[in-house]
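Chemist: The primary structure of each chain is shown beneath.
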Amino acid sequence: MSVPAPFYLALSAALFALGTLGVLVRRSALVVFMSVELMLNAVNLTLVTFARVRGAVDGQIVVFFVLVVAAAEVVIGLAIIVNIFRARDTVDVDDVDLLRG
Amino acid sequence: MTYALWVPLLPLLGWAANGLWGRRWGRWAAAVVGCGTVAVAFALAVALRLALGALPPEGRSLQVDLYHWFGAGSIDVPMRLLVDPLSVTMALIVTGVGGLIHIYSVGYMADDEGFARYFSYLNLFTAAMLTLVLAGNLVVMFIGWEGVGLCSYLLIAFWFTRPAAASAGVKAFLVTRLGDVGFLLGIFLAVGIFGTADFGVLTRDAQARLPLGGAAATVLCLLLFLGATGKSAQLPLYIWLADAMEGPTPVSALIHAATMVTAGVFMIVRLHAVYLRAPLAMEVVAVVGAVTALFAACWALVENDLKRVLAYSTISQLGYMFLAVGVGAWGAGIFHLTSHAFFKALLFLAAGSVMHALGGTTDMREMGGLARPLPRTAAAFAIGAFALAGIPPFSGFFSKDEILSADFHDGHIVLWAVALAAAGLTAIYIVRAFVMTFLGPPRPPADRAAHAPHEAPRIMAAPMAVLAVLTIIGGVLGWSFTSPGALDRFLAPVLAAGAGPVPAESTQGEGLLVAVSVGVALVGLLIGWLIYDKHAVRTGSRMIHEWLAHQFYIEDAYNALIVGPVRSTARLLAVFDRDELDGAVTGLGRTIGRAGRDLSHLETGYLRQYATYVLIGVLVILAYWVSR
Amino acid sequence: MERVLFAVTAVLALAGGVGVVASREPVHSVLGLLLVLMSLAVDFLLLGAQFIAVLQVIIYAGAIVVLFVFIIMLLNVRTGEGARTPRVVPPALGIALSAVFAGLLVAAAASGAGQAASVGADFGTVQQVGRALFTAYALPFEAASIVLIVGMIGAVALSKRPAPWGAPPDRRGEGRR
Numbered sequence: 001m002s003v004p005a006p007f008y009l010a011l012s013a014a015l016f017a018l019g020t021l022g023v024l025v026r027r028s029a030l031v032v033f034m035s036v037e038l039m040l041n042a043v044n045l046t047l048v049t050f051a052r053v054r055g056a057v058d059g060q061i062v063v064f065f066v067l068v069v070a071a072a073e074v075v076i077g078l079a080i081i082v083n084i085f086r087a088r089d090t091v092d093v094d095d096v097d098l099l100r101g
Numbered sequence: 001m002t003y004a005l006w007v008p009l010l011p012l013l014g015w016a017a018n019g020l021w022g023r024r025w026g027r028w029a030a031a032v033v034g035c036g037t038v039a040v041a042f043a044l045a046v047a048l049r050l051a052l053g054a055l056p057p058e059g060r061s062l063q064v065d066l067y068h069w070f071g072a073g074s075i076d077v078p079m080r081l082l083v084d085p086l087s088v089t090m091a092l093i094v095t096g097v098g099g100l101i102h103i104y105s106v107g108y109m110a111d112d113e114g115f116a117r118y119f120s121y122l123n124l125f126t127a128a129m130l131t132l133v134l135a136g137n138l139v140v141m142f143i144g145w146e147g148v149g150l151c152s153y154l155l156i157a158f159w160f161t162r163p164a165a166a167s168a169g170v171k172a173f174l175v176t177r178l179g180d181v182g183f184l185l186g187i188f189l190a191v192g193i194f195g196t197a198d199f200g201v202l203t204r205d206a207q208a209r210l211p212l213g214g215a216a217a218t219v220l221c222l223l224l225f226l227g228a229t230g231k232s233a234q235l236p237l238y239i240w241l242a243d244a245m246e247g248p249t250p251v252s253a254l255i256h257a258a259t260m261v262t263a264g265v266f267m268i269v270r271l272h273a274v275y276l277r278a279p280l281a282m283e284v285v286a287v288v289g290a291v292t293a294l295f296a297a298c299w300a301l302v303e304n305d306l307k308r309v310l311a312y313s314t315i316s317q318l319g320y321m322f323l324a325v326g327v328g329a330w331g332a333g334i335f336h337l338t339s340h341a342f343f344k345a346l347l348f349l350a351a352g353s354v355m356h357a358l359g360g361t362t363d364m365r366e367m368g369g370l371a372r373p374l375p376r377t378a379a380a381f382a383i384g385a386f387a388l389a390g391i392p393p394f395s396g397f398f399s400k401d402e403i404l405s406a407d408f409h410d411g412h413i414v415l416w417a418v419a420l421a422a423a424g425l426t427a428i429y430i431v432r433a434f435v436m437t438f439l440g441p442p443r444p445p446a447d448r449a450a451h452a453p454h455e456a457p458r459i460m461a462a463p464m465a466v467l468a469v470l471t472i473i474g475g476v477l478g479w480s481f482t483s484p485g486a487l488d489r490f491l492a493p494v495l496a497a498g499a500g501p502v503p504a505e506s507t508q509g510e511g512l513l514v515a516v517s518v519g520v521a522l523v524g525l526l527i528g529w530l531i532y533d534k535h536a537v538r539t540g541s542r543m544i545h546e547w548l549a550h551q552f553y554i555e556d557a558y559n560a561l562i563v564g565p566v567r568s569t570a571r572l573l574a575v576f577d578r579d580e581l582d583g584a585v586t587g588l589g590r591t592i593g594r595a596g597r598d599l600s601h602l603e604t605g606y607l608r609q610y611a612t613y614v615l616i617g618v619l620v621i622l623a624y625w626v627s628r
Numbered sequence: 001m002e003r004v005l006f007a008v009t010a011v012l013a014l015a016g017g018v019g020v021v022a023s024r025e026p027v028h029s030v031l032g033l034l035l036v037l038m039s040l041a042v043d044f045l046l047l048g049a050q051f052i053a054v055l056q057v058i059i060y061a062g063a064i065v066v067l068f069v070f071i072i073m074l075l076n077v078r079t080g081e082g083a084r085t086p087r088v089v090p091p092a093l094g095i096a097l098s099a100v101f102a103g104l105l106v107a108a109a110a111s112g113a114g115q116a117a118s119v120g121a122d123f124g125t126v127q128q129v130g131r132a133l134f135t136a137y138a139l140p141f142e143a144a145s146i147v148l149i150v151g152m153i154g155a156v157a158l159s160k161r162p163a164p165w166g167a168p169p170d171r172r173g174e175g176r177r
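Chains as they are written, first to last, in my numbering: chain B, 1 to 101; chain L, 1 to 628; chain C, 1 to 177.
None of these hints come from the bench; they were simulated from the model. Keep in mind that this is a model prediction, so the values were computed, not measured. Treat the hints loosely; a few may be bogus.
On the chain C side, residues computed to face chain L include the following (Cβ under 10 angstroms) [as the list claims (entries may be wrong)]:
| # | residue |
| --- | --- |
| 1 | 93 |
| 2 | 94 |
| 3 | 98 |
| 4 | 108 |
| 5 | 111 |
| 6 | 147 |
C-beta atoms are modelled at their ideal positions from N, C-alpha and C, and glycine is treated no differently.
Next comes chain B alone, as it looks inside the complex (with noise of 0.2 angstroms):
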């Protein structure tokens, strides 16, 4: 492993902030959701990351697991925007706004 870890985790680190900036700052829910995608595979970099330098496999085997779970969140996710974009013609995050106190 010529390059060291610190360096993968940094750009891990960076992207993760991206994704970050993206949830804060955009209004259209899909670009928001992508954004949390980008976040998830961050993580995932994270762990493969440890796991290489652990030695141990488990890392990859969560990373499959985050897989299935960010796979199974994108479907209901979008599900959700067609609903709210059926209801109310647009998918601004800012328009859903009846959970108020």
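Given the structure of chain B, go ahead and fit chains L and C onto it with the hints provided.
Modeler: For chains L and C alone, kept in the frame of chain B given last:
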């Protein structure tokens, strides 16, 4: 002998069954369950009696351990039953007389909405009373003691929508509770002295551990006696029994005549070995008993409510029983307990029959002339009356006479005289009651003139008949003037620690005493008849009458000195509780509510704001982490 | 060689990430996402996670991205993110917080991960991962399958068009014996 467990257990199951499903099952089933459990318990009690009889007299004491209840340090309290002549005798009374009253109740309560509830409570009472009498140690006895107190409350206040009944129930419970404090303290003291609450040990070690006439024994016996005065309605805690007549009449017959009120007497007999070590306490018991007997007889003389007359009569007769045990005549006390159960229950059931016929009134001023329409009831009442007055050959004569004779022979002449005077008054008041109710012209109020009173139905008349027979022949239990009677012999092994004075005196002296007591009774009957039926003698002054009618103003004194201050304190505390304590709590609630409302402004519904908050939180944690 | 590869994938990944976050058209964001995914797949290979790398391509790039595209197409979304008053979250705040976040994370990452262990040739192969999945992680594996089923059912349930109000239920088949 472990089947002894089922004697109290069956009525307990009856309570649960009728309590849970009695309403759904309907009257017939509820009655069968309610009476059936007690009937089977009676059969088991008879079996126990026969089993005991098959054993040699010294061996007639069997402990039945159900399970180990709890222990603390060196003290062990098992759930233990004690089967011996004393407990079996009491069990027979409770299940026998109780069973008859259950059957009577089927008729008496037939129209009542709470039929199933009534029988479940009655069964619960029976179970608790049986636990009390079959107990093997003081703690188990206390379970039964408290249980009967609870059931007394539940049954007195059975028609709880009536304010008088509800408050009478509370009064009974509170007053007996006061006595129970003494009882409980006595239990603690006993356990402290003996290291256990077991009756066998208490009886065996009493002589060793309690110096004769010492403070320990005296205090112990007086504390326990306090409990007895509460439960058995003696001075100073008798005030609840008259008001307890608000309950259904069969309840009055069972609880407040035949069984619960006798618990105090039973307890003292059970612990006679301890009491023998405290002669002062025994004196107190005897004096209290005698005085109560006299006072209560006075008060019964001026009561106009038929049931209250019988209530004061019960208090008076209980006084006789305490007088007996106070002079050491244990067997006589139990004998009077038994015969009193018979004739007092009979009197109450007859009174119930009268009320049933007249549609619920108990005021004797509104009765009169009922002998013709209610001949059987009148006969039953008359039999009970004769027994109460102590006329031979009824059982009451034998039992009361044994007590009087024991007093005399033991040297307590004053007490004997007091008891004799009370006997005279007893005869007078019971004749008065009989005359006012059954003889003379009818005096119904205007609205009732139309109803013709009808005799009791068979289901009510049959138990009365059985009790009447028992009253008549019950004397056989103690019949004998020179040697111990049948009951005394049966109880002897239990009382071996110190049997009371055996009237082994000369037959001649005995005969004179008997003649005196019978004479007093007859004179009393005559006087009563002359005054109340023939109106041949003018009765006393207004003032004396008022004084008697208010029971010497004892209760009023209690109200002024004790109840009043307690009530004021309670009211004060209630105001404090409402304003300060509740205020603090509600204030706290209001503050939290306001805080919540203010915080809810954070919930804008905007996803991005929430995400921002999360991120800020994460940053804080992360910063802390990284800085380490 | 490895270092060059890493440098390239890092640049591409970051570019793609910026593309996701900054593009105006959602389709451009999708393309950015795709770029990130592929770069990371290469990184996985570099880290000896062959099986995962392949899965990444198949599932993420092959299915999830396609799903995104379909939805964009279905909804015909225009990103007309005009200004909105009042501002829900000022963009400046978002950028600032994310920058701080990045800084902290990188600081944490840079504090070292220790020496890399030496691994055998079969590290991260289908066989090894499969063996672990079916033995030590058998239960989560089954649970994951349930998650997928639930996801499918959920998606189907959510996508049904609700019946119009007042429409009588279809009773044509009733009454037949």
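Chemist: Confirm or reject each hint.
Modeler: Checked hints:
Look at residue 93 of chain C: its Cβ gets to within about 7 angstroms of chain L, closer than 10 angstroms, so that hint holds up. The restraint placing residue 94 of chain C at the interface with chain L holds, with a minimum CB-CB distance near 7 angstroms, inside the 10 angstroms limit. Against a cut-off of 10 angstroms between C-beta atoms, the interface hint on residue 98 of chain C holds, since the closest Cβ of chain L lies about 8 angstroms away. Annotation: interface hint on residue 108 of chain C holds; nearest CB of chain L at approximately 5 angstroms, less than 10 angstroms.
The criterion of a C-beta within 10 angstroms of any C-beta in chain L is met by residue 111 of chain C, whose closest approach is roughly 8 angstroms, and the hint holds. Annotation: residue 147 of chain C was flagged as interfacial toward chain L, and the flag is violated, the nearest CB pair being 24 angstroms apart, outside 10 angstroms.
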